[in-house]
Every structure is written in structure tokens, then in C-alpha cells.
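Asks: Turn these sequences into a full structure, and let the hints guide you.
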Amino acid sequence: MDMEWVLLTLRALAVLILYAFLLLVVYLIWRDLHLVASDQHTGHGIAVTNAKPVAWLRIVPDMDTPSQAEMVFVVFPPATLGRAEDNQIVLQDEWVSAYHARIDNHAGRWWLTDLGSRNGTRLNDAPITETTPLTKGDIIGLGRLKLRFEAGDGTSHPDPHIIQT
Amino acid sequence: MGIPLVSRPPGALSPPKWWSGLSGSLPLAFTFVAFIQLALVEDGRMTAERFLAPVMLAACAMTATWLLQRHMPRHDRVLLPLVILLIGWGLAEVDRLAPTVFLLRQTLWMVLGSGALLAAALFPHGLRWLERLRYTWLLLGLFLLGMTFFLGVNPSGVGARLWLGAAGFYFQPSELLKLLMVVFLASYLAQRQAALVEVHVRVHRWRVPHPAHVSPLLFMWGFSMLLLLWQRDLGAAVLFFGLFLAMFYAATGQGVYVLASGVLLIGAGVVGYHVFDVVALRVDAWLDPWRDASGRSFQIVQALLAFASGGVLGQGLGQGLPSAIPVVHTDFVFAAVGEEYGLIGTLGLVVAFMLLVSRAFRIALGCQRMFERLLAVGIGALFGLQALVIMAGTLKLIPLTGVTLPFVSYGGSSLLVSMTMVGLLLRLSGRAVVRQSSGEGKL
Numbered sequence: 012m013d014m015e016w017v018l019l020t021l022r023a024l025a026v027l028i029l030y031a032f033l034l035l036v037v038y039l040i041w042r043d044l045h046l047v048a049s050d051q052h053t054g055h056g057i058a059v060t061n062a063k064p065v066a067w068l069r070i071v072p073d074m075d076t077p078s079q080a081e082m083v084f085v086v087f088p089p090a091t092l093g094r095a096e097d098n099q100i101v102l103q104d105e106w107v108s109a110y111h112a113r114i115d116n117h118a119g120r121w122w123l124t125d126l127g128s129r130n131g132t133r134l135n136d137a138p139i140t141e142t143t144p145l146t147k148g149d150i151i152g153l154g155r156l157k158l159r160f161e162a163g164d165g166t167s168h169p170d171p172h173i174i175q176t
Numbered sequence: 049m050g051i052p053l054v055s056r057p058p059g060a061l062s063p064p065k066w067w068s069g070l071s072g073s074l075p076l077a078f079t080f081v082a083f084i085q086l087a088l089v090e091d092g093r094m095t096a097e098r099f100l101a102p103v104m105l106a107a108c109a110m111t112a113t114w115l116l117q118r119h120m121p122r123h124d125r126v127l128l129p130l131v132i133l134l135i136g137w138g139l140a141e142v143d144r145l146a147p148t149v150f151l152l153r154q155t156l157w158m159v160l161g162s163g164a165l166l167a168a169a170l171f172p173h174g175l176r177w178l179e180r181l182r183y184t185w186l187l188l189g190l191f192l193l194g195m196t197f198f199l200g201v202n203p204s205g206v207g208a209r210l211w212l213g214a215a216g217f218y219f220q221p222s223e224l225l226k227l228l229m230v231v232f233l234a235s236y237l238a239q240r241q242a243a244l245v246e247v248h249v250r251v252h253r254w255r256v257p258h259p260a261h262v263s264p265l266l267f268m269w270g271f272s273m274l275l276l277l278w279q280r281d282l283g284a285a286v287l288f289f290g291l292f293l294a295m296f297y298a299a300t301g302q303g304v305y306v307l308a309s310g311v312l313l314i315g316a317g318v319v320g321y322h323v324f325d326v327v328a329l330r331v332d333a334w335l336d337p338w339r340d341a342s343g344r345s346f347q348i349v350q351a352l353l354a355f356a357s358g359g360v361l362g363q364g365l366g367q368g369l370p371s372a373i374p375v376v377h378t379d380f381v382f383a384a385v386g387e388e389y390g391l392i393g394t395l396g397l398v399v400a401f402m403l404l405v406s407r408a409f410r411i412a413l414g415c416q417r418m419f420e421r422l423l424a425v426g427i428g429a430l431f432g433l434q435a436l437v438i439m440a441g442t443l444k445l446i447p448l449t450g451v452t453l454p455f456v457s458y459g460g461s462s463l464l465v466s467m468t469m470v471g472l473l474l475r476l477s478g479r480a481v482v483r484q485s486s487g488e489g490k491l
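The listed protein sequences correspond, in order, to chains V and P.
Going by my numbering, the first sequence opens with residue 12, and the numbers climb by one from there.
Going by my numbering, the second sequence opens with residue 49, and the numbers climb by one from there.
FYI, nobody ran anything at the bench for these hints, they're computed from the structure.
It cannot be assumed that every hint is accurate.
[To be verified] Interface residues of chain P toward chain V, partial, derived using beta-carbon atoms under 7 Å:
id : residue
1  : Leu74
2  : Phe78
3  : Val81
4  : Gln85
5  : Ala87
6  : Thr95
7  : Val126
8  : Gly174
9  : Ile392
10 : Gly396
11 : Val399
12 : Leu403
[Said to hold, decoys possible] Some chain V residues well away from chain P (every beta-carbon gap over 10 Å; in silico):
id : residue
13 : Arg120
14 : Trp122
15 : Thr124
16 : Asn130
17 : Gly131
18 : Gly148
From the three backbone atoms N, C-alpha and C, an ideal C-beta is built for every residue, glycine too.
Replies: As C-alpha cells, this is what we get:
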């Protein structure tokens, strides 16, 4: 074969490889974004975790912490709450114990358990001593924090615009 | 803080295995094809030492991929292949445009860079120390800058003295300064973010700029001007100011300050045009390069001719005449790509940079803490700005400022620092989906 033809073939090959690669990358990125979009559509992570019941905890702004921005935690039961990093929901407040409380879903209901925390767990301002059922709108008190409990039925989302990640 | 933080359950992001394999091997294939082309054009002999650079690249890429998959299974799968493509392309261009010893040096820097990348990605401790020592980084950066002012040299003997050298080994502190500045700004803005978003000052009914917004802005503007005054480094000045604006906007969402700063920058440009000859020269060469085509705007004219002779399909690697452009292997490597790969190649390169930046921003979205988000945004903005400034400069879309094209240009310090930043991005992407957790600081 002639040298010129070899070089021409190599040039074509280079362009082909380049664009095959870029297309592949675009596809992988598209796939990634698509997954995120479908998560948002159905409520975060439900599509992946196979329609487990889902609840949310929303920080209630308080007089002590007025600049507290609105934050929402997704609860995948069973969920532990506490100051330690390996809790599902990490709450950084000095008055919260390392492993403070747990939220479960049994028999179609939501339950709150205190895990022997130093400062106790309050439900609507009353300290709890044993596993207590939770209903929508309950205020859970841990340390200085107040969290509003919000449960969905798996299709609706409490506030779709807040999910930005 | 301030943005609700909700994370995805782990494991959803990893693509099927064979895709990762394919996307990892195509950039290497591209590099090998380029080196085969170069060998054929030069003398048709395929000797082993010719392929030292691509073989080293393949070794580094495979080691990095393997280690990352082993220790950080959830890292971003397209970031590293994109970077490998750019580095491989860069090695081929260095082989094409510069003497052999340059290629060896660049290969060595690439190996060092891979080490830095892995270290940044897999360093076992968190990034909090990086965040806490914010003023240390700022001072270190200013110190390095001061060092170049007093002790700076230029390896080629002429031009801006931006290097620190010892025993034949040169390092450009302004490259390290980029990394230090990104870390400092991310840390500073993350700390101040809540305050910056909330404060407003009203005079009657009009909102007026708050000192909290204006003072860091003026500080960065002054810093950039200092770079320009001291070092005559127009590229770095533009880059740092643009970086600050991008990160400031990402942290606060206040577009009006970006606009105001744009005006400030143009104002500085107009003043600079009349005061500094380095600015005047660049702007004159931009407005009308043909007036002094064989003199001061020789470089930009040659670059334009290179793009023109490249056309759509290019002359073919090794078959053009890009060496007619002075210092083509650093600042003007994009023109060499334009001549030999043509429009097809340059578009591919632009798309690769675009994807790289979009990945950085995507990683930022997945991060939990504001510092990490801003760090990822800053790195992405830096790559994007740098690529934009030099590519548009070579095309005479904007006045030319001398910065390197990240990963592609010849330049050891630039490559090393850029790869470290990619390592940080990989680290952030690997951590992003691991934990369900709250924001930073005390609630």
C-alpha cells in the first residue's frame, strides 16, 4: 500500500476514535443525569431502593438559631439520628448524643425510639421513654433542635423545588 | 449551608463495566495512532524509544484507573478518560512541535502528575485541614509570588520572569498559585456564604452594594492588578479575576456584582492600554494584526494562517508547518491542532474541555459541604476559563493572553498542578454519594 493511503487511513482512524470517545462520554453523562432526573421525579432514591416508604425531617427554625437555613433530611428506614458521622442523619449539635434516636417503619406505621440519649428525645415537647408512633406534622426534639416529621405515600414529595442535588 | 442537602443512595452512578473499559482505552488508542502517524511521517521507522511517551501514559492511566476503582469505587468514571485524552494529545503535540528532550521532560512531569493525582484522590484524611488553613494558603501564595518577583528567571532567557529555578529544574509558582487560590477562595466563600447571601443595605428603596460583598471583590481586583503591575503577566491577572468572579457567583448567586466587575475589568483594560505597553501591544495586535504582521503581531498572524491552512479536515499530523509559529508548543498548541487536525480536531478538543468542565460542575452538585462544592466549581471554572482564554486568544476572538492550554500545552508545572486538581475532583466525586449527612458546622 502507498504511504499516503496509510497516513490518510490513520487520520480517519484518529478522528473516528476521537468522536467515538466523545460520544461515549456524552452518553455516560446523559445516563447519569437521567438517573438523577428520575430520582427527582419519584422522590429521592425511591426508584433505586425499590419503593420503600419514605419520610422527611425538616429543621424547624428556632429563636436560638435564627440564621438557620431551611434543611431537609430524607429518612430511609431504619434511620439513626445522632452526632456521630456514621448515622444516617448527622445532627451537629452539642446537646445531641452520638447515637440519639432511631426512626423505623413497621406494619405501615412510623415509630420513634430513644437510644438512651443523655438529654432525651421529645415528641411534641413531651419526653418519650419507649418506642412511640409518629404521625405527620409531629415535632421531634433532640438537643436544641426541632425537626418536623413529614411522611409521604411514596408518590408525592413534600416540596419538590427544594431538591437541588 | 443554606442549600438543603439531600443525597442519593449509593451505587446508582456506576456505569456498566465494559463501558468504563472502552472509555478508558479509546484515549490511549488515539494517542498511539498519533505517535504512529508521527513516526511514519518522520522516517517510517517504528523504534521502541519513539513510543516511550504513550507507553508511559498507558501505564500511568491503567495504574490510576485500577487504584481508583479499588479504593474509591464510586468515583466519576468519565473524568479520568477525558484527562487522559487531553494529556495524550498534548504529548503527541510536544513530540511533533518540540525537540526530543522536551517530550522526555513532559513525560516525566506526566508521571509525577499521576502520582500527585492519586495522592490528592486517595490521601486518607479528609479535606478539612485544607479548609481550615485558608490564610496559610493565601500567605504561601503571596510568598511564592514575592519570591518570583525577586528571584524569578525565565528558562528561555527572555520574556516575563515567572519561574523559580534550581539546578536545571524550573517551576512556575503562578501555576501552584492557581491551586492555592482556588482552595483559599472556596474556604473563604464557604465560611462567609450565609452572611454574603443574607446581607442587604437599603438606602430609601434602592439596594446598595454591601461592604461585605465589595471588599473581597476589590481585594481580588487589586491582587490581579498587582500581578499585572509586578510581573507583566496579563494572562494570570485575567485568570485570577475571572476565577474569583465565577466562584463568587456560585457562592452568592448575585449576578449584579459579576456585571459590575466586568465593567471594572474593562475599565482596568482601558487604563492598562494607555499605561502598560504589554496591554497596549496585545490589544493592538488583536484589533489589527496585519499592520505589523512581520513584527510584533507575527505570532498571531502565523496562528491565523495555520488555522486557515488546516481548513476543515486538517493537513494531517506531521504534515503541516505549525513550527512557523513562535513558541507553538506552549501557548499556541491550539493553532497547531487547528493546522494538522483541522476544524474537526479543534471542535473535538473544545467539546472535550466542555465535558470536563460540565463534569466538575456535576461533581460540585453532588458534594455535601459548601467548601467541597465551591472547590469543585473553582477547579472546573479554572480549567474552563484557561482553555477559553487561550483558545479564543489564538483565534483572535479576544486579545491574546499567555496562559497554557490545560493538559495539552508543554509545561511541567501546569501539568502537575492540573493533574492534582483532577485528583481533588475525583476525590470529591468519590465521597459525594457515600453518606447521608447534614451540612457543615453547628446547626
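Asks: All hints, please: hold or fail.
Replies: Structure-based check of each hint:
1. Look at P/Leu74: its Cβ gets to within about 4 Å of chain V, closer than 7 Å, so that hint holds up.
2. Given hint, P/Phe78 at the interface with chain V, holds; its Cβ is 5 Å from that chain's nearest Cβ, closer than 7 Å.
3. The beta carbon of P/Val81 is positioned within 7 Å of a beta carbon in chain V (closest approach about 5 Å), and the interface hint is therefore held.
4. A distance limit of 7 Å between C-beta atoms decides the matter here; for P/Gln85 the minimum to chain V is near 5 Å, and the interface restraint holds.
5. Interface restraint check: P/Ala87 against chain V, minimum CB-CB distance 10 Å, threshold 7 Å, status violated.
6. Interface hint at P/Thr95: violated, since its Cβ lies 18 Å from the closest Cβ of chain V, which is beyond the 7 Å cut-off.
7. For P/Val126, the shortest C-beta to C-beta distance to chain V is roughly 5 Å, which falls under 7 Å, so the interface hint holds.
8. Because the beta carbon of P/Gly174 sits about 10 Å from the nearest beta carbon in chain V, more than 7 Å, this interface hint is broken.
9. Interface hint at P/Ile392: satisfied, since its Cβ lies 5 Å from the closest Cβ of chain V, which is below the 7 Å cut-off.
10. Restraint check, P/Gly396 versus chain V: the minimum CB separation of about 5 Å is within 7 Å; hint holds.
11. Because the beta carbon of P/Val399 sits about 5 Å from the nearest beta carbon in chain V, less than 7 Å, this interface hint is met.
12. Against a cut-off of 7 Å between C-beta atoms, the interface hint on P/Leu403 holds, since the closest Cβ of chain V lies about 5 Å away.
13. Consistency note on V/Arg120: stated as away from chain P, and its beta-carbon is indeed over 10 Å from all of that chain's, at 22 Å minimum.
14. Here V/Trp122 stays apart from chain P, with its beta-carbon at least about 19 Å from theirs, past the 10 Å limit.
15. Once the 10 Å rule is applied to beta carbons, V/Thr124 is consistent with being away from chain P; the minimum gap is 18 Å.
16. The non-interface label for V/Asn130 is consistent with chain P: the shortest C-beta to C-beta separation is roughly 15 Å, beyond 10 Å.
17. For V/Gly131, the non-interface assignment is confirmed: its Cβ lies about 18 Å from the closest Cβ of chain P, beyond the 10 Å cut-off.
18. At the 10 Å boundary, the C-beta of V/Gly148 stays outside the reach of chain P, the nearest C-beta of that chain being 19 Å off.
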